[in-house]
Structures are given as C-alpha cells and as structure tokens.
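Just so you know, the sequences run in chain order A and B.
Take 8 as the starting number for the first sequence in the numbering used here and just add one per residue.
Take 8 as the starting number for the second sequence in the numbering used here and just add one per residue.
The reader is advised that the hints may include incorrect statements.
Repeated chains share a single entry, so a pair holds when one copy, or any two copies, can fit it.
Pairs of lysine to any residue, SDA-like flavour, derived with a Cα cap of 20 Å [stated by the list, open to error]:
#: 1; residue 1: K360; residue 2: E319
#: 2; residue 1: K128; residue 2: P221
#: 3; residue 1: K217; residue 2: D33
#: 4; residue 1: K116; residue 2: P221
#: 5; residue 1: K257; residue 2: T224
#: 6; residue 1: K96; residue 2: R220
#: 7; residue 1: K21; residue 2: T37
#: 8; residue 1: K110; residue 2: I232
#: 9; residue 1: K326; residue 2: L50
The set of hints was computed from the structure by calculation and includes no laboratory data.
None of these values were measured; they are calculated from a predicted model.
Number of protein chains: 2
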Amino acid sequence: MVHNFNSGPSVLPKEVFEEASRAILDFNGTGLSILEIGHRTSLFQGVLDEAINTARELMKLDAEHEILFLHGGASTQFFQIPMNLLADKGMAAYLDCGTWGKKAIKEAKLYGQVEVVASSKDRNYCYIPKGYAIPAGATYFHYTTNNTIEGTQMHSIPETSVPLVADMSSDILSREMDFNKFALIYAGAQKNMGAAGVNMVIVRKDMLGKTGRPLPTMMDYQEHIANGSLLNTPPVFAVYVCMLTLRWLKQQGGVGAIEKINEKKAALLYDTLDSLPIFRPTVDKEDRSLMNVVWVMDEPELEKEFLAVCKENGMVGIKGHRSVGGFRASLYNALHMESVELLTELMKEFALKKA
Amino acid sequence: MVHNFNSGPSVLPKEVFEEASRAILDFNGTGLSILEIGHRTSLFQGVLDEAINTARELMKLDAEHEILFLHGGASTQFFQIPMNLLADKGMAAYLDCGTWGKKAIKEAKLYGQVEVVASSKDRNYCYIPKGYAIPAGATYFHYTTNNTIEGTQMHSIPETSVPLVADMSSDILSREMDFNKFALIYAGAQKNMGAAGVNMVIVRKDMLGKTGRPLPTMMDYQEHIANGSLLNTPPVFAVYVCMLTLRWLKQQGGVGAIEKINEKKAALLYDTLDSLPIFRPTVDKEDRSLMNVVWVMDEPELEKEFLAVCKENGMVGIKGHRSVGGFRASLYNALHMESVELLTELMKEFALKKA
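Work out the full structure, taking the sequences as your base and the hints as a guide.
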C-alpha cells in the first residue's frame with residue numbers, strides 16, 4: 008500500500024482514479040475516450056456545467072461571482088491577475104508570506120505599483136505576518152491562504168474594504184470560508200481539486216474591464232466569461248478530473264464534512280510531533296497549516312534514518328521542500344486518516360528507539 | 008464501432024488510450040496514479056525526457072532548436088510569440104489564410120507592427136494565397152501550415168530569408184518537412200500529438216531575448232528553456248499522453264511512414280468526392296489538406312440526409328464547421344484507413360440512391 012503525502016500533484020480519491028481510468032477507454036458508454044470527444048459537444052458541456060455548478064454549490068458562491076476553468080497553473084495567474092485588474096497608475100497591496108506570494112509580487116510589478124504590506128521573510132516564512140495595515144487606496148489586496156512549501160495557513164479572512172484576491176491553490180475546498188468575501192480566488196487544480204493542467208479562477212464581475220489596458224484575448228477574463236470557459240479548446244481531461252473530484256467531495260458531505268476530517272488528521276499529526284521532542288515543527292503554532300505539515304529533526308543523520316523508515320512503509324512525497332529541509336506531510340482531502348495514523352505510529356516507534 | 012472524424016480533440020491510437028487508462032490506476036508499477044506523481048520526480052522527468060527526445064528524433068531537429076511543453080493551447084501562442092519575438096518598433100509579416108491565422112494577426116498587433124502579406128479571405132479561405140512578397144525587414148513571417156476549419160494546407164515551405172514561424176497544430180507529425188527551416192513551430196497537442204491541455208513549442212534559441220520587453224515569467228520562453236519545461240507544475244497527464252503518442256508514432260516507423268498512410272487515406276476520400284458530383288469539395292485542388300477534408304452538398308436536405316447516414320454508421324465529428332457548413336472529415340494519424348473506406352462506401356451508395 009502506498010501512502011501519498013505529495014504536496015502536489017497529489018493524492019486524489021480512489022473513486023476518481025477508477026472513473027477517469029474507465030472514461031479513457033469509454034466515456035459514459037459513448038464508445039469514445041474522454042480524450043477524443045469534441046469540446047463543443049453536449050458531452051463535454053455536461054462535464055463543464057457539472058464542474059462549475061458543483062463548485063458553486065460547494066463554495067456557496069453568489070451570482071456576482073463567475074467560475075472559470077483556465078489553462079495554466081497558479082503561476083500564470085500571478086501575472087494574469089494584475090494584467091486584468093491593476094491599472095498602470097494603480098496600486099495593489101500584497102502580503103509577502105511565502106514562496107508563492109513572493110513570486111506573485113514580482114509579476115504584479117510589471118503592471119502597476121505594488122505595496123508589500125508585511126513580510127515574514129525574516130524567519131524563512133515560518134509564520135503569518137499580523138497587525139499590518141492595508142492601504143485604502145489599493146485596487147486589491149493579495150495574499151496566499153495556505154503556503155504549501157512553508158506549511159503556514161491564514162486562519163481568518165482579513166477585515167478590509169479593499170477587494171480581496173487570494174491564491175487558494177493548496178487549501179481550496181478543504182475548509183469552510185465565506186468565499187463571497189473575495190473579489191478573486193484562484194487555484195491550480197492539482198491539490199484538492201484534480202490533476203495538474205487547469206486553474207480555477209473565481210472572479211466578481213465588477214472587478215473587470217477597468218484598467219483601460221488592451222489585453223491578449225486568451226488573458227482576458229471577460230472574454231473567458233463571455234465564452235463560458237470555451238474561448239479555445241480547454242484542457243478537457245483536467246476539467247473532467249476536477250468535475251469528478253468535486254462530485255466526490257459533494258458525496259462526502261461537502262466542504263464542512265471534509266473540514267472536520269482534515270482537522271482530525273492535522274491534529275493527530277501535530278499532537279504527535281509536539282509530544283516527541285525528536286521532531287521539531289517549523290511553523291509558529293497559531294499559523295500551522297492543516298494541509299501541509301512541516302517539521303525537521305536536529306541531526307541530518309536522524310532525518311535520513313527516519314526518511315528511510317517512511318519509505319520502507321510505502322510513504323511517498325514526505326521529504327521536505329529544499330528551501331526548508333526536513334519533512335513535509337501534505338494532508339489533502341483525499342488522504343486517508345489511516346495514512347496519518349501509520350505515520351504517527353512510525354514516529355512514536357522511532358522516537359522510542361532513539362530515546 | 009465508432010469512427011471518430013473529430014477535428015480536435017480527436018482520435019488517438021487505441022494503444023495510447025489503453026496505456027493511459029492503466030497509468031491512471033498504476034503508473035509503471037509504482038502503485039501510484041500518473042495523476043498523483045510529483046512533477047519533480049525521476050518518474051515524471053523520464054516521461055518528459057522521452058517526449059522531448061522522441062519529438063526531436065521524429066522531427067530530426069538540430070541542437071539549435073529547443074523543445075518546450077507549455078500550458079495553454081495554440082491560442083495562447085498567438086500572443087506569446089509576438090510578446091517574445093516582436094519589438095515594439097518591429098514588424099512581423101503574417102499570412103491571412105484562415106480562421107486561426109486571422110486570430111494570430113489580431114494578437115500580434117498588441118506588440119508591434121503587423122504586415123499582412125496576402126489573404127484568401129475573399130473566397131472564405133478556400134485556397135492558399137500565392138505569389139506574395141515577404142518584406143525583408145520583417146522580424147518573422149507567420150503562417151498556418153494547415154487550416155483545420157477551411158481544409159487547406161500549404162504544401163511547401165516558403166523560400167525567404169525571414170525567420171519562419173508556423174502554427175502546425177493540425178498537421179504536425181503528419182508529413183515529412185525540414186523542420187529545421189523554422190525559427191519557431193507551435194502546435195496544440197489535441198490533433199496528432201495527444202490530448203488537449205498542452206502546447207509544443209519548438210524555438211531556435213537565437214530568436215529570443217531581443218525585444219527589450221520585460222516579460223511575465225510564465226510567458227518567457229527563455230525561462231522555460233532554463234527550467235526544462237518545469238518552471239511551474241506542468242500539465243503532467245497531457246505531457247504523458249504526448250509521450251505515449253510520440254512513442255506510438257515511432258513504433259509505426261515515424262513521420263515518413265505515417266505520411267504514406269495519410270496520403271492514401273486522403274487520396275481515397277478526395278478521389279471519391281471528385282467522382283461523385285453530388286458531393287462538392289470546397290477547397291481548390293492544389294491546396295487541399297491531407298488532414299481535414301471539407302465538402303458540401305448542393306441541397307440542405309441532402310446534407311441532412313447524408314449526415315444521418317453517417318451517424319447511423321457510427322461516424323462522429325463529421326459535421327462541417329459552422330463557418331463553412333457541410334461536412335468535414337479529419338484524417339489524423341490515428342484514424343484508420345477502414346474508417347475512410349467505410350465513409351467512401353457510404354458516399355457511393357448514397358450517390359447511387361440519389362442518381
């Protein structure tokens with residue numbers, strides 16, 4: 008048995024794999040592979056509609072918010088967002104709280120003025136900055152809800168009159184939030200939502216068309232809205248896998264139900280880490296991510312040894328990102344509690360052996 | 008049995024569907040789905056390397072040409088190419104020979120001056136313009152090698168000292184060409200090369216870094232080259248399907264071998280069309296596409312009737328594009344001769360019945 012702790016692309020529900028595998032041979036009894044159906048057929052329109060409607064239902068989105076499935080990953084959105092939203096002479100506020108936010112800041116500077124309201128770079132992004140002010144004149148305030156690499160997560164939505172723009176790539180659909188509070192939400196699919204190769208972008212329509220900047224057609228959210236995410240050939244299979252994953256989440260009881268399980272998984276792992284001094288979580292307690300749990304050990308030799316134990320037990324993707332080192336266990340929606348239980352058992356055994 | 012004449016996404020080899028279906032449950036015996044493997048693992052690097060190396064081999068590309076697999080479809084390249092290649096004060100020459108070229112022209116105008124050297128718009132793009140001059144001062148000359156919608160194809164490479172940029176989305180890998188003559192080649196994968204959701208871009212390195220224009224990181228070919236198509240999470244599965252399709256093509260004997268079969272398929276269909284006055288091919292003979300065969304009938308009632316016959320016989324995707332009407336049969340690499348044989352039989356029977 009494999010326990011997949013990958014940070015993304017990452018584990019998806021077994022039911023999704025099974026259905027997707029079947030659809031590659033025969034999609035819904037059509038005799039055609041999902042890979043060879045036309046994107047302007049009722050077959051694919053049904054897939055796209057179900058993906059959009061299920062996302063809308065699961066996130067309780069109001070009618071002012073449009074849901075788009077676009078080519079590219081979140082990295083594409085780093086520039087597409089300011090390109091669409093930020094006028095040459097405008098200013099956007101950004102929170103510098105991790106690797107991805109930092110990259111988003113770099114791209115935004117190509118399109119307007121960027122004000123970094125706070126940063127946690129001083130301690131290698133191991134906490135979420137607090138007590139900062141968001142300038143009222145900002146076109147939008149951008150932040151990353153969950154930092155996949157550093158293992159931090161923002162547990163509340165900032166109170167501000169400035170429109171909120173959030174990169175939710177690594178925690179979308181993992182917990183209840185008032186998603187309607189956001190002017191724009193984006194997420195690469197390859198964590199909680201599907202396979203790599205598609206972005207979900209949720210945008211409040213009143214944010215668009217205000218910069219006066221001419222846009223390439225494929226980069227223009229308004230064009231995608233007008234064409235219902237079918238401006239060009241979409242990444243058909245990636246959208247299909249999103250639809251299956253969203254359908255699965257709905258069958259599990261939705262976001263609130265999965266959140267409870269996610270909380271239990273994270274609590275078990277953090278409690279174990281906190282109880283065993285041989286392991287040292289790197290993130291400040293109040294800012295710990297429920298999705299990506301990061302820890303180190305004090306000696307490189309011990310890390311090597313414990314990594315070997317994990318591998319022997321079928322664990323995949325548990326090595327930490329090179330910028331942090333140590334370990335990272337990603338506990339996305341589709342990861343079973345059993346995998347976390349096994350990991351914590353191994354930790355206890357290992358700590359006992361080394362005591 | 009289904010005969011898939013879709014224009015794209017379109018039929019792929021059965022072996023590709025079978026292997027992809029298996030890999031979604033278990034990729035190469037790893038116990039992991041291809042959808043959940045990390046993109047920075049040796050597992051995926053092997054896939055990407057094989058895709059690139061096989062494409063290089065099949066197209067006999069020299070070392071000056073880099074092969075990239077990028078997010079988005081060819082429509083993304085419509086602006087990404089001038090963004091990378093065309094300076095603000097530069098001029099690019101374009102051939103207006105179909106729906107896609109027209110769209111490419113529109114996007115290029117955002118970045119520099121565009122000179123349309125010739126157009127076949129006067130007759131609804133049913134031929135390829137000839138006898139035009141390409142201005143020597145152009146940064147590049149852009150054309151579409153095969154027009155998917157209108158069913159025309161350019162059967163030779165223009166002689167010019169201006170660097171050639173070609174959209175080969177619908178005929179790449181279908182015929183032998185001296186691909187090294189091109190400065191940049193791009194193609195959405197979803198016809199001869201794989202599933203929707205990835206672009207192949209082949210670029211001669213000396214074309215890059217000359218505009219002085221700051222580029223968004225994700226749009227910068229040089230960044231993608233420096234990162235070996237792993238600048239961000241790539242569309243893993245779409246790249247994998249490309250790799251399988253390229254591997255299949257190599258097993259068939261390569262581009263030259265498939266070209267012979269493609270010629271036979273197209274000859275059978277065009278000969279049949281030419282022999283039956285009830286069907287009327289829309290494209291000038293010398294410019295007919297071997298990939299997309301377009302014809303109409305003189306009465307809408309007859310078209311309806313023949314379309315019904317096709318459908319009864321398991322034919323999919325044979326209705327013409329709304330801009331041309333009538334019929335379109337796409338004869339991509341993976342379409343079997345049997346499908347063309349059946350179609351031509353049905354044509355003969357139908358013509359006989361109506362005679």
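Taking the hints in turn, this is what the structure says about them:
1. K360 to E319: within (16 Å within a copy, 71 Å between copies)
2. K128 to P221: So K128 and P221 fail the 20 Å test inside a copy (35 Å) and across (26 Å) alike.
3. K217 to D33: Answer is neither; intra-copy 45 Å and inter-copy 48 Å both fail.
4. K116 to P221: both (17 Å within a copy, 11 Å between copies)
5. K257 to T224: neither (34 Å within a copy, 36 Å between copies)
6. K96 to R220: both (11 Å within a copy, 19 Å between copies)
7. K21 to T37: between (23 Å within a copy, 15 Å between copies)
8. K110 to I232: between (26 Å within a copy, 19 Å between copies)
9. K326 to L50: between (41 Å within a copy, 16 Å between copies)
Checked against the numbered hints above, the structure violates hints 2, 3 and 5; every other hint is satisfied.
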